[in-house]
Structures are given as structure tokens and as C-alpha cells.
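Student: Protein chains in written order, with the numbering used here: chain A, 141 to 460; chain L, 523 to 861.
What the hints contain is simulated information worked out from the structure, not anything from laboratory work.
Hints should not be assumed to be uniformly reliable.
Chain A is nowhere near these chain L residues, computed Cβ spacing over 10 Å in every case [claimed, not checked]: (1) R535; (2) A537; (3) K557; (4) G652; (5) A666; (6) G702; (7) R711; (8) V782; (9) R789; (10) L799; (11) E807; (12) P832; (13) V848; (14) S856.
Distance ranges between label pairs, derived from CB positions [unchecked claim]: (15) E823/L <-> L419/A: 54 to 62 Å; (16) A725/L <-> E327/A: 38 to 46 Å; (17) A300/A <-> S564/L: 36 to 44 Å; (18) M836/L <-> E327/A: 22 to 30 Å; (19) M836/L <-> R386/A: 22 to 30 Å; (20) P264/A <-> S564/L: 37 to 45 Å; (21) S554/L <-> F173/A: 54 to 62 Å; (22) M836/L <-> G446/A: 34 to 42 Å.
Examples of chain L residues toward chain A, derived with CB under 10 Å [said to hold, decoys possible]: (23) D624; (24) H628; (25) D631; (26) A632; (27) F840.
Cβ coordinates follow ideal geometry from the N, Cα and C atoms, glycine included.
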Amino acid sequence: MVLTYLEAISDALRVALREDDRVLLLGEDVGAFGGAFKVTAGMQQEFGADRVVDTPISEEAMIGGAVGAAIVGMRPVCEMQFADFVACGFDQLVNVAAKLHWRLGLAAPIVVRLPCGGGVSGGPFHSQNPEAWFMHAPGLKVFAPSTAHDAKGLLLAAIADPNPVVFLEHKYLYRRVRGEVPEGAYETPLRANTVRDGEDLVIIAYGAMVHTALAAAAEIEEASVRVLDLRTLVPLDERAILDSVRDCAKVVVVDEANQTCAAGAQVASLIAQYGYGDLDGPIVRVATPDAPIPFAPALERAALPGVERIRDACRELLAY
Amino acid sequence: MRDVPAFLNREDRIALLRFMARQRAVEERGLSLYKQGKVPGSFYDGRGQEATCVGATFALGPDDPVCPMIRDFGAHLVKGTPVTAVLAHYLGRGGGVHRGRDGNVHFGDAQRGVVGMVSMLPDIMAVAVGMAWAFKLRGEQRCALSFFGDGATSVGDWHESMNLAGLWRVPAIFVLEHNGYAYSTPSARQFAVDPLERAAAYAIEGVSVDGNDVEAVFEATRQARERALAGGGPTLIAATTMRMHGHGAHDDASYVPAEVHEHWAARDPLERQRERLRALGVDVEAVDAEVRAEVDAATREALAMPEPVPGDPMEDVFCEGEPRLVGRGAAPWSGFAGA
Numbered sequence: 141m142v143l144t145y146l147e148a149i150s151d152a153l154r155v156a157l158r159e160d161d162r163v164l165l166l167g168e169d170v171g172a173f174g175g176a177f178k179v180t181a182g183m184q185q186e187f188g189a190d191r192v193v194d195t196p197i198s199e200e201a202m203i204g205g206a207v208g209a210a211i212v213g214m215r216p217v218c219e220m221q222f223a224d225f226v227a228c229g230f231d232q233l234v235n236v237a238a239k240l241h242w243r244l245g246l247a248a249p250i251v252v253r254l255p256c257g258g259g260v261s262g263g264p265f266h267s268q269n270p271e272a273w274f275m276h277a278p279g280l281k282v283f284a285p286s287t288a289h290d291a292k293g294l295l296l297a298a299i300a301d302p303n304p305v306v307f308l309e310h311k312y313l314y315r316r317v318r319g320e321v322p323e324g325a326y327e328t329p330l331r332a333n334t335v336r337d338g339e340d341l342v343i344i345a346y347g348a349m350v351h352t353a354l355a356a357a358a359e360i361e362e363a364s365v366r367v368l369d370l371r372t373l374v375p376l377d378e379r380a381i382l383d384s385v386r387d388c389a390k391v392v393v394v395d396e397a398n399q400t401c402a403a404g405a406q407v408a409s410l411i412a413q414y415g416y417g418d419l420d421g422p423i424v425r426v427a428t429p430d431a432p433i434p435f436a437p438a439l440e441r442a443a444l445p446g447v448e449r450i451r452d453a454c455r456e457l458l459a460y
Numbered sequence: 523m524r525d526v527p528a529f530l531n532r533e534d535r536i537a538l539l540r541f542m543a544r545q546r547a548v549e550e551r552g553l554s555l556y557k558q559g560k561v562p563g564s565f566y567d568g569r570g571q572e573a574t575c576v577g578a579t580f581a582l583g584p585d586d587p588v589c590p591m592i593r594d595f596g597a598h599l600v601k602g603t604p605v606t607a608v609l610a611h612y613l614g615r616g617g618g619v620h621r622g623r624d625g626n627v628h629f630g631d632a633q634r635g636v637v638g639m640v641s642m643l644p645d646i647m648a649v650a651v652g653m654a655w656a657f658k659l660r661g662e663q664r665c666a667l668s669f670f671g672d673g674a675t676s677v678g679d680w681h682e683s684m685n686l687a688g689l690w691r692v693p694a695i696f697v698l699e700h701n702g703y704a705y706s707t708p709s710a711r712q713f714a715v716d717p718l719e720r721a722a723a724y725a726i727e728g729v730s731v732d733g734n735d736v737e738a739v740f741e742a743t744r745q746a747r748e749r750a751l752a753g754g755g756p757t758l759i760a761a762t763t764m765r766m767h768g769h770g771a772h773d774d775a776s777y778v779p780a781e782v783h784e785h786w787a788a789r790d791p792l793e794r795q796r797e798r799l800r801a802l803g804v805d806v807e808a809v810d811a812e813v814r815a816e817v818d819a820a821t822r823e824a825l826a827m828p829e830p831v832p833g834d835p836m837e838d839v840f841c842e843g844e845p846r847l848v849g850r851g852a853a854p855w856s857g858f859a860g861a
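Okay, chain L solo, but in the shape it has when bound (with noise of 0.2 Å):
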């Protein structure tokens, strides 16, 4: 494993495994109370995916928008949306992020700079390309950043955002998150040339990454955000991952051989988290008990919540008087301190 400390303090190595504790726990959670019939329509989770979206995430800054795709609930943790309010947006409740006009994993506070993406993919792509064009002509020390799935890498919107972003050098981060399954069917029934390859045609620089070890997808963040504001253009991460779970709870993924389950078992991001933190003598088991702690009382709340209650219909299709924007979110990382 790739150590790389340089700059990541240990208070900062100590929140990446907050993160993906607090993703998994709360994934853990959403899937209990999906399976108690508490959770209404479908649920869908990340597990094996944290390191990925909670590193890349961990690498931005206030201002840079983050555009998390399907397994990517630590991304929305990062910025700092809070757990009761994502527990009540899976449970349909009034006080869920979207006072319970959307469900499981499709959401975004904007307002902490997460824009939530859409089921269609990866639509949202385009618009992270759009907002970080945006901040290339106002001359922006900003860039955004846009997750998706090996499996969307095959629309057509992938290859015409790639292409607008590599054309326009738009200061733009695109992550992947390669598990090998678009569902169910895996990459060599999905695409003749791998995604990673496919950067070099569009001018986008292209980074291979483990994306089971949270420090090392930090730290190509890091560089690929420093290269879009020096005005390096896009990056392309490719960061190889499992997804341990079927495609949703109603997928029990009986088509993944159990080989590569247990390969990747014994690569459990988590886990190698831990690792690290217990070398240099961190309480690993306090990390946790303090999320559970968190989740359990979230939980608490969360069901105490109303359920909505139906009033006009019509309320906020249009937007009336002056937008708002995409707002500030949390930057945890202490390269951001005093930013």
C-alpha cells in the first residue's frame, strides 16, 4: 500500500475513515429500515466504494462543486450534509433533503455545493463540465468535480462532455469509479477500449488509482485540482473499485463469482484505513463507536420526523423571483484551513 502522508495530517487521516464509517453506517442503516419496510420504493448503496468518493471529495475546496453519482453518499457527508437529514430523505420524511419529492441516493444539498444527479447518466457530467467553464471565464480559482460508474462511460453525454472538456481545457476533475458491472453486466461485455485509455483522445490527462485506499485517490484529486486551476485542463481518474452489494437491496448480485467478492473482500477500504491509523497508535475502535453513536441517534430523529404533508402541487416547478446558486460547502481537509 502507498503511503502518502505529505499532505495529509493526522487529524486529516483520522476523518477520511470518519467519513467512510459514517457512509457505511448510515448505508448499513437505510438498507435495515428498507428491509423493515420503512423505507419506501428502492434503496442503493456504495458499500466497497467509500474510499473512492469520500478521498476525491476530501480533496475540494469550499467552493468547488462536487457531482456525486449512485455510490457516492460520502461525497454528500464531506461537504456536510447531515446524516438525520439523508436517514429522513431515504425514509420519505418532510425534514429529508428534498422534503420527500426524491428518494434514495438521488439528492444534493446545493446549498453545500453538492448538485444531486439524475437517473439518466451521466447526465450531470455536462453540467459539471458547464459549471467549471463558467469558472474558467470568470477567471475562478475553482474547478468541479463529477463521479460516475464504468457503466455510463458507454452514453453518449460521457463522450460529449469529455470531449467539450478536453476541448474547452475546462478545469474539471471526472472520476470513475470502475467496479466492472453496470449492473450486471460486466466492462468486457460493455466496451471494447477501457474508459482510462480513452482519455489520451480527448486531451484529458488520465490517472490510474486504487480506489480501495482513501489516501491515494486523495491525493490524485489533490494533483488534479491543482492542475485545473494552474489552468492544466481536466483529469480523468480512473479508480478501480468493487461494488460489494448487488446494484440495488432487490439485487442480491448472484452473478459476481464469489472469487472476486473475496478478493476484494480482503481489500475492504475500510479496513486498510484502519490499518494505517492503528500504526500510528489511533483509537480505531473509538472512530467507530462514535459513529454508531451518531447514526443511532440520527436514526432516532429521523423517525420521529412527519411524514410530508401534500399541499399545492405545483409548488416550486418554477422558480419565482431571483435563483439561487450553487452555495459553499464544507472543506474539511486542513490544506483549506483559514481558506
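For reference, chain A alone in the conformation it holds in the complex (with noise of 0.2 Å):
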């Protein structure tokens, strides 16, 4: 079937929820009215008030809620009315949820979604890309689907997982992207994708930078442009980052994400020290600037990387 990323992502929670009784979903208005974003529409219908719950407004509660929840038992799946409201429960995530297997040895298997990213003039409390804060606190899991695919198959794997999961969703993609999904359960590997073959240079990306990215690819007809989707930042699958480099020698690190200690930041890292050698150029990154998201299309357009400055630093970088 042919579903929109939004779709898909419905799709997933409706297969968890019809499937294993231990599923809950956790919200601000994800239950009669179906979520901002309408994510969850209908659900609290076909699973009961019990199951797709309404939360208040307290973002801390909800996901230290989940997290005893989950540890006697549920498999509680929270969002994050915009990810940018995750830095009100970042300390339940933080601090309790990703401590908690290394510590006191019980897992929490919770997912924490966050519908995220830029381009539709949210401004700088409704755009931000928070994916790098989690990476950087031990026991998360950082999910960023592309793709419909992607998104039901990394969702019914964040479920299942028995880790706490952050799960970025992006807004972008919601009704711009489709593809075909299949129906009922599957899990997407925790493995970054090759979504366009090529050998002269590699773009990495993930989210909604994939589809830039290979907007940016098809532009450059006179070499041969590969795109890697990592689909999940932590893990982070390093083999076929260090792989690709082997196989291009040259590579551009795209992140939405402010510039510093995003998670490109780690790529290029990771690229510096084990792929020197195979390199034949420097590692270029396009990141948006360490600056709040601005709410006006025309300088939004010109904060977060477009198109044109990923085909330009791949053109320079095909000259080096």
C-alpha cells in the first residue's frame, strides 16, 4: 500500500497497539482530537481512553510516568506535542529512562517521538532538530526515518526494543513524502540505507536531508553522486559510513541541525580518525548555522540547507 510518511507512522502505532495489549500511547491531545499533527486520529476511538491517553500539559511526568509504566511491564509510546517540548522531560529521559539498564539493571522500554525539523515556518520553538542532546547521553537510542518505510519499520523497532528510544519525526516529510509500506508487522534494520548508488562522491544524511540530499545529487549529471541514509544515529552504523568513504573518497556530511556537535559532527569525526586513507579530499559538512530557526520562509530557506548549497559544496569538493 501506498502511504504518506504521516501515514505510516499511524500505521505503525495501529499495528503495536492491535497486536500487543502491553502498548499504551501518551500524549498532549493525542486522544479525541487525534494529536496536532493527527498522527494518532481515530485511535483512542479503537483502543479506548485507557490505551490512547491524553496527558496534561507536563512533559516530565509523562515520561517518567512511561518509564515506571514500562518497568512492571507496558510498552508505552509518548509524544512530544512538537520535539522541541522533549527539553521539558529531558531530565526523565536523561537522567532516569537511559540510567536506569546500567544502574539498577531494568530496562525501560519506552519511545519517545518527536516530530521535529524546519521548513515550515515553526519558528525557533516549533523547527529545532534536539537528535545530538540524546546521542550525547548514554542508554538512548536515536531513530530518524526518511522514508514511509523507514518510519513504520524503525517505529514497530523502537516498540520492540528494550531500550528508551527517542524517535525523531519530520514534520517536512509528514504529507510531502509517500512510498510504498507494507501491511502489518516489520522491523527496519538498525543499519543505514544506500538510497542512490554512486562512486565519485558520498552525501550522508538522515531525515529530512536525505530527500535534499538527493535533490542536490540529481543535479550533478557530470559525476556520479552516492547518498547514504543512516536512519539511525545511535547506533550509529559506522561500517557503512567507513565503507562508503572507501568507495567514493569523497564525502559531504549534511545535518538540519545546528552546526556544532551535531550528529555530522561525529560522522566526520569518526571519517577523520578510521577513514583518513581512504580520503581524497577534505570532509566537507552543510549544517544549518548555531543559530535559532527564523520564522519568515525567506530566511528559514536561507538557515537550514537547501538544495543549492549541497549541490555547491559537492561541486567544490568534486573540483578539490
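Bring the two chains, given one by one in their own frames, into a single complex with the hints.
Tutor: Written out as C-alpha cells, the structure is:
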């Protein structure tokens, strides 16, 4: 079946709710209203108000409560209305959920869904990409799908995972991306995926930037450009990253997140340390400058990495 | 002193003294090991507050998890955590509760129903609300209990947890250890409205109890548990007590007026229970001697344990396979005999 990225996420939640009594959905306005983006539309009607639960505006209690339910056998999935609001529940995620297994031998199989990213004039508090905060907190897994197929498969993998998973679903992709999605349950492996083959240069990206990278690659007719979709940031598929550098020798790493200490910085450092001998040029990064995301479309377009910036960065590196 | 023997038999009342005496003896031993330089880091104890954690946890069933806070070592003991493992934990030995990964009061034997605290207060209260919520959803006759101090009631997590617990009517018991100080800051500089008075604002039953009377704390918690299991929702038990030591071993508590310490020294929870038991003809000195011998033996055993051997630092950061759930703890109260 062909689904949008958003429909694929909804489908994953429905499959999980149907197949596993332990699965619960929590979030602000997720019940009768169906969520701010309608990801959970109709689910409270189908599965009841005990399993699809409207919470007060209490991100700490929502995530902490989910941890409590998880350690006695439930599988809660929390929705942050926007990824930005996870800052309000940050402490429970990084200090309670993330360290629980290492400290107490208790796992916290929870999923925290983060509708993230820019491109929708969300302004500084509805556009952020906070994945790097969580990559830096030992004990959390971080998933960031780019396609409808992977969104469903990675969300089902996240729900099945015994660890807390931060699941970044990109708002810009919700209704703009669609694709073939299998019926029923399946899990996408926690590995990177080559979404476009090429041998002169590789663009490494994840989330919405995979699509921007693909558009940039398509404009470069004079060379063969590969695009590697990381899909998960923790675990980070180091093997696939280094293999792609070995094959292509030139690499552009793209983040929609602010540049400093972003996921791409980790990728670049990995390549610098272990792939140096395979490189034929500097590791080039394209990311959002270290400034808040502006509201006005013209300003936002200038801040976020676009097709043109990625294409130009690739051309410059190809000429090196 | 109120007498509440209706639900406590003679053995229960002796057990309450024994758990408090054990807490005090182990913490005194930990403190002296700390002063000898054998306990790394820092050291915290609950001297003067033993009745609150012991009395409250004694009212819990085997399947009721407890979330102790910094002064509540007695809760671990009631749930069955062995003294040797705790002393080894203080000492940072491989045989400690967390094999040297964490120290001092930060621990919890989850397989005995103890969910260990984190330093950010009162984060674990939200976890208790979540556990209680799951029990309610599944129709299980269980409750979750979380301790916290008066200092923790100013944090957003406290208000969020109280709100959610009151809203969802979960079977949770909140035990406020109102000792009048958040580290060095007295209640008068912490809040304008006492936390017990706030209970009503969250539709939570608020109960006040003498936190230095172990049997009174037991009875208040027993009633709260009964209410929770009957679907009556959460209870906030405000136990008035006093921290007789500083926040940690590094703190001489010179900010507490001497007369306050004197006032509370005359209300020592162990002495009060001893007095009760003497009136019943119990040889309380024998109980104390037995505990001392136990702690001496445990100390020797813990000191003989090796330091942890550093291995793969990534071990256990992630769970592989099926996660272990919160387990079943001891429930020594005679009311659970045969449960």
C-alpha cells in the first residue's frame, strides 16, 4: 500500500496497539483530537481511553510515568507535541530512563516520538532538531527515518526495543513524502541504507536532509553521487559510513541541525580518524548555522541547508 | 504517644525496632568507614528519620514497589536487601548492590521491588505514578510508594506527579519526610504554602503523622494502601521528623539551632520504640546486640570483598534481550503472612 510518511507512522502505532496489549500511547491532545498532526486520529475510539491517553501538559510526568509503566511490563509510546518540548522532559529521559539499565538492571522500553525539523515556518520553538542532545546521553537509542517505509519499520523496531528510543519524525516529511509500505508488522534494521548509488562522492544524511541530498545529487550530472541515509544515529552504522568513504573518497556530511556537535560532527570525526587514508579531499559539512531557526520563510530558507548549498558544496569538493 | 497495636503483633513491633536499629547501625558503620577514608566520594544518612521509612515500607505488600529517597535506607532493609551488599556498595566493591557503578544512597535492588533514586529530586516520584497507573490499568491489587523530602516539593516534577496522580486516581502513596530543611535552607525560605495543604489542590488525601513514631507511620501507610487498593486514589502522608545529621558527612549542620536538635533528640524514634517494647517485657538490649553482631560480621565480609575489575565500559549501557521487570520484595508484616 502507498502511504504518506505520517500515515506510515500511524499505521505502525495501530499495528503495535493491535498486536501487543502492553502498548500504550500518551501525549498532549493525542486522544479524541487525534494529536496536533493527527498521527493518532481515531485511535482512542478504536483502542479506548485507557490505551490512548490524553495527558496534561506535563512532559516530565509523561516520560517519568512512561518509565514507571515500562518497568512493570508496559510498552508506552509518548508523543511530544513538537520535538522542541522534549526539553521540558529532558531530565526524565537522560537521568532516569537512559541510565536505568546500567544502574539497576531494569530496562525502560519506552519510545518518545519527536515531531521535529524546520521548513514549515515553525519559528525557533517549533523547528528544532534536538537529536544530538540524546546521542550524548548514554543509554538512549536515536532513530531518524526519511521514508514512509522506514518510518513504520523503525517505529515498530523502537516499540519492540527493550531500551528507551528517541524517535525523530520529521514534520516536513509528514505529508510530502509517500511510498510503498508493507501491510502488518515488520522491522527496519538499525543500519544505514544507500538510497542512491554513486562512486565519485557520497553525501551522508538522515531525516528530511536525505531528500534534499537526493535532489542535489540529481542536479550533478557530471559526476556519480551516492547518498547514504543513516536511518539511526544511535546505533550509528560506522561500517556503512566508512565503506561509503572507501568507495567514493569524497564525502559531504549534511545536518539540518545546528552545526556544532551535531550528528554530522560525529560522522566527520569518525571518518577523520578511521577513514583518513581513503579520503581524496577534506570532509565537508553542510549544516544549519549555530543560530535559532527563524520564522519568515525567506529567512528560514536561508538558514536551513537547501538543495543549492548541498549541490555547490559537492561541486566544490568534486573539483578539489 | 498514640498506640496503634491493632494491626501489629508483638513480633511486628519488635521487627520495626530491629529494622530501625539495623538502619542506624549500618549508617553509623558507613559513616565511620567514610571517616577512615574507606568509603569513596561522599556519605549520607538518615539519622533521626528511621521511623518514617521503616514504618511506611513495613505496610507494603510483596508486589508493591517502593522508591526510597536519600534518608530511607530502612526501606531497602524492609524489602530484604542484605546488609553486606549495602556495606559493599558504600565501599565501592564489586559485591555491592550495583557492583561499584554507583555509590552512597543511590541504589535499589529492583529484583526486591526497590526502584533506586536518582539525584534529581523527586524524579522517581513520576516513575512511581507510572507504576501505579499500570497497576490500575491491569486491575492489579498493588500500589507504589514514593518518598521525598520537603525540599523536593518545590520542583516541577513534584507538581506534575501530584497533578497526574490526583487526576488519574492511581494507587500511589507519597510519603513526605518533612524534616524542615532542604540541605541548609529551612522550610520558611522554601515555600509559602506547606506541602500538606497543597494535597487538596490535587484532589489527593492529605494525612499528617508523627514521623518519629514508627507505628503511627505504619498505620497511616496501611490506611493509605487500603484506600489505594479500594480505588480511593493516592494519599500524601506528611511525616514530621528531623534530620539529626547534616545533609552529608561533609556538613556539620551548624545552621540548625542547638535547641532544635535537642528537641528532636528527646524524640528519638528508636528510643521511643524501645520504650514501648520494654513495657511489653521485650529484651530490647538483646535486639540491639543482635543487630550489632550482624553489622560487625557484614562489615568484615564487605571489607574482604575485592574492588570491581574494570571491564568493557559499555557493558549494560543497553539492554539486550528481554528486559527484567521490577521484582517481588520481602513483606515482613504479619498482615501479609501467607500472601
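Student: Would you settle whether the hint for H628/L is holds or violated, based on the nearest Cβ-Cβ distance to chain A being less than 10 Å?
Tutor: 8 Å, holds
Student: With d taken as the least Cβ-Cβ distance between G652/L and chain A, does d exceed 10 Å?
Tutor: 2 Å, violated
Student: Non-interface claim for E807/L: all C-beta distances to chain A beyond 10 Å?
Tutor: 38 Å, holds
Student: Holds or violated: is there a CB of chain A closer than 10 Å to the CB of A632/L?
Tutor: 5 Å, holds
Student: Does the nearest C-beta of chain A fall within a distance shorter than 10 Å of the C-beta of F840/L?
Tutor: 5 Å, holds
Student: Hint D624/L vs chain A: min CB-CB distance below 10 Å?
Tutor: 6 Å, holds
Student: Let me know if the C-beta of D631/L comes in closer than 10 Å to any C-beta of chain A, holds or violated.
Tutor: Hint holds; D631/L Cβ to chain A Cβ min 8 Å, cut 10 Å.
Student: Is R535/L truly not at the interface, in the sense that its beta carbon sits beyond 10 Å from all beta carbons of chain A?
Tutor: Nearest chain A Cβ is 32 Å from R535/L, so the label holds.
Student: Verify this label for me: A537/L is non-interface relative to chain A, using a Cβ-Cβ cutoff of 10 Å.
Tutor: 26 Å, holds
Student: Do the Cβ positions of M836/L and G446/A conform to the proposed distance bound of 34 to 42 Å?
Tutor: 38 Å, holds
Student: For S554/L and F173/A, compare the CB-CB distance with the range 54 to 62 Å and indicate the outcome.
Tutor: Once the Cβ atoms are compared, 60 Å apart, the range 54 to 62 Å for F173/A and S554/L holds.
Student: Is it correct that the beta-carbon of P832/L has no partner in chain A closer than or equal to 10 Å?
Tutor: 14 Å, holds
The structure does not agree with the numbered hints 4, 5, 13 stated previously, though it agrees with the rest.
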